[in-house]
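Student: Protein chains in written order, with this note's numbering: chain A, 1308 to 1508; chain B, 69 to 665.
Just to be clear, a hint being listed does not mean it is correct.
As the list claims (entries may be wrong) - Interface residues of chain B toward chain A, partial, derived using beta-carbon atoms under 7 Å: (1) Y72; (2) R231; (3) A235; (4) A237; (5) Y310; (6) R407; (7) I410; (8) L418; (9) V424; (10) I632.
To be verified - Quick list of in silico lysine-lysine cross-link-like pairs, DSSO-like style, CA-CA up to 27 Å: (11) A/K1474 / A/K1489; (12) B/K164 / B/K248; (13) B/K108 / A/K1327; (14) B/K248 / B/K108; (15) A/K1327 / B/K604; (16) B/K564 / B/K551; (17) A/K1430 / B/K417; (18) A/K1490 / B/K604; (19) B/K620 / B/K608; (20) B/K608 / A/K1490; (21) A/K1310 / B/K70; (22) A/K1482 / B/K604; (23) A/K1490 / A/K1478.
What the hints assert, rightly or not - These stretches of chain B come out as covered by chain A in the derived footprint (C-beta under 8 Å, 3 or more residues): (24) 384–392; (25) 455–469.
Since the hints were derived computationally from the structure, they do not count as laboratory data.
C-beta atoms are modelled at their ideal positions from N, C-alpha and C, and glycine is treated no differently.
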Amino acid sequence: MNKDILICGVGGQGTVLASKIIAASASAEGSQIHSAETIGMAQRGGSVTSHVRIGENAYSPLIPFGNADLLLAFEPAEAVRNLKYLRKDGVAIVNTVATKPVTESLADTGYDGSDMTAYIAGKCSCIFVDSDNVCAPFGSSRFFNIIILGIASGSGKLGIARDTVLKQIEKRVPKAYVDINKKAFQTGYEIGQETVNQQIK
Amino acid sequence: MKEYVMGNGAIALGALSAGVNLVAGYPGTPSSEIIETISKYPHEGIHLEWSVNEKAALEVAAAAAYSGARALVTMKQVGLNVASDPLMSLAYVGVKGGLVVVSADDPGPISSQTEQDTRRFADYCRIPVFDPSTPEEAFVMIGDAFEYSERYHTPVLFRPTTRVCHAYASVDVPDSYSPKEYEGFIKDSRKWVIFPRLSYTNHGMIEERNIKIGQEFSEYRFNSVTGTSKKAIVTSGVSYTYVKECIGDRNDIKVIRIATAFPFPESFMADALSDVSEVLCIEELSPYLEEQILKTAGIHHLNVTVHGKHDGMVPHNGEMSTELAAGILSGYLDVELSRELIDTSDAPKLPLRPPVLCAGCPHRASFYAVKKAMTGRKAVFCGDIGCYTLGNAMPLDMVDTCLCMGAGITMAQGFAHTDNDTVCFAFVGDSTFFASGMTGVVNAVYNEADMILCVLDNSTTAMTGHQPHPGTGRNMMGNIVDKVDIAKVLEGIGVKSIVTVDPLDLDKSVETVRQAAGIKGVKAIIFRSPCIAITKPKGKCTIDGSECINCKKCIKEVGCPALITADGHVSIDMNLCTGCGLCAKVCPVSAIGGKNE
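Work out the full structure: start from the sequences and follow the hints.
Tutor: Structure (C-alpha cells):
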C-alpha cells in the first residue's frame, strides 16, 4: 500500500500522538513507514504538521504537494493552510471548531473558522466534525486526536485494520487512560461508519 | 530488531551500537532527542550528561576521548559556535578514542537564530564531516564517523539537518549494546598539551592526512553516482530525497550525491563530472558543494558549467523542498511533477499563527509585572534565547533585543553605559543563566553596570522539551543531586540586591521591580514559578457575564491564548485555561474569578 497522510493543527492539540499511532499501526501491518514532525518553537501554539508516508515510493520525509490521500485537520484554518498537500481526489476530515490565535483576538477580527469550513467544503471531499460536541462526553478536547483517528478508521480512509490501531492506542497512552481512549476511538469510528452509510444511501 | 525511531533516535542508537562510552551535550532544536533517546535505552556503563553548555560538553568528551573512550557530543548549529574554542584546538591535538560532534543544522531557519552551515565549520577546523540524508543512513553513518575518528585520531563532525533529525523511519538495530573497552589516559605532554610547536607540526600533518581522507571518501559508500546524462545534478543531505522525489528512478539523469563534504572527495567528483557538460548543485544553506566543484573543475581543467546559488538558480536562504527542487529542475531538465493540485489561490485570508507563550505561562506574568512597574519610565528590555523570547509578541512587547545565548545580560550593561537615562533590564531563563549568563553577571558587577537582571526561573529547559539543568536537582544519570541555587550564585558574585518573587503575585512583583529600579548597581529579581507545561494546573478562571463590561482589557493587556472573543464577548477557552489568575488581576471590574476548582 502507498498512502500519504497529513495531520495538521495547532501546537498542543495532540497531533503528534495521532501521527505516531498511525505510523506504528501501519508499521505493525508490515508497511514501510516514513514520517516527520514539527518540533520546536511552533509547538507553542503555532501551526504544526505531521507527515506520515506509508509504502515504498516515498523518498522525502515530507509529503509533496498534491500527494496526500488523507488530511486530518484539527483546526479549520489549518485545513485550508495545508490543503495544497491533498490530492484532488483526496479526503479531508476537518474539525470545524476554530482555535483563535492571540493575534486574531487582539485585532478582534471575528475569526471563527466558518469561512474556512465553507471554503474547504467546495474544494474536496470532506468529513466535518465538531470537536466540542464529540469531546463533550469525555470532558476534554484532549481526546479529539483519538476521535479523529476513529473517524478516519470508521470511514475506511485510513487503510489500516481497526484492531491494529486499537492495539497501538493501548501501547501508547498512559495505562489509566486506555479505556477512555478506546471509547473515544469507538465514538469516532461510528461517526466514520455513518459517513460511509450516508454515501451508500 | 526493527525500531521505528526519529532521526535523532537513529543517531543515538547508532552511537550505542558503536560502543559509545560517554555522551554529553546541551539541548537545542533540532538535536535534543539524541541524548534523550540514549537515556531511555539500556545504557549501563555509559556516562550521560546534559552539560552546562556546548563548550563544557565538548571538553568533557575530549578528555574521555584522550583516554581512548568513544565519546559523542550533541548540539544544534549555534551551539557549535559556543564549542568552537575547544573544537579548533582539539582539531590540532587530536584524540585517541573516537570523538563525534553532532551539530544539527536548521535550514529555514525553523527554530534558530542563524542559517549557518556546519560543513563550513568542518572545513574551517580541517576535520571530516558526515552529512546523512535519512534516519536510516544516519544510524549507519554515525558508526562510520567513529571509525574514521579513531583511525585518523581526529574529532569528526556529523551534520544532520532538521528534516533528518525529526523524520522517523524503521531502523534495524542490535538487541543489546555494550560500551567499548578502552585503555585509560596515558600521560604524554608532547601529545596532549597544545603549544605553538605542536600546532605547527600537527597543522602540516593534518593537511597531509586530509588529502588521504579525501581519497578514501572518494570510495565512501554513501557518495554515489546514479544515471548518465550530459547535465548532472549534485546534491546532499535531505535535498537528495527531494531530488529523488522529483526524478524517481529515472536512469537518464545523472545524480551525484555527496555525504562527506570535507575532506572533499575530489577524485570521485572529477570522475563523475568527466563526461558532463553542465552541473546543477541543489543543496541547503551555503553553496559548499558548489564551491568545491568549481575548485575541482579548476584543478582538473574540466569543461563544465556550474549552476547553483552563485547564478541565482538555487536560493541562498530557506529550506529546500520537493516543490522548490521541481521548479528548479524543470528549468534545467525535462522534469515535471505531474500532480494536479487543488487550486487554493482563492482561499480566504488565513489567520497568522505565530508561536506564543502558553496559556498560564509564568513568563507572561513576569513580563507584565515589569511592564506595569516601568509604565512612564524609559526602559530597555534585553531578551535572550528560550521560550521567553516569545515575550516580544503583542500585546506584551517586552523583548527589545535578542542576540544569542546569554547576550541579554551583557547587552543590558552596554545600554546602561551608553543610555544613562534608561532603566536597563535583562531577562534570562534559568537554563540559559547557567549556560552562559553567570560570566555576564560577573562582568556587570566588576564594571559597575546599572542594571536589573530578571531571572525567569521555571525550573526547566522548557523550549527544547523540558530537560533538567543544574538548578533542577536531577541529572541525566537519573540521580538526585544538590541544586545549584541561582540566588546564592548571584550573592557569591556580589549582586547587591537579590529578591525572589512569585510572578503570579502581580502586586508584589510590580512593587519588587519598582524598588529595584530605585537602587544603583546590579540588582537581581528571580521570578520563580514552574513551567505550566509540566505542572498540574491550579484550576480554571471564569468570567461572570453579568459583571463583565466587555472592555477586553484582559485580552489587550495580557494576550493569553485562553482569552478569546465568542460572539463579540470575551470568554475563556476552558481547554487552555490553567487558572493562573493573571487576567483576573487585570480586570477593572473584578468580573474574572473562580481560580480554584
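Student: Identify every previously stated hint that the structure contradicts and give their numbers, smallest first.
Tutor: Failing hints: none at all.
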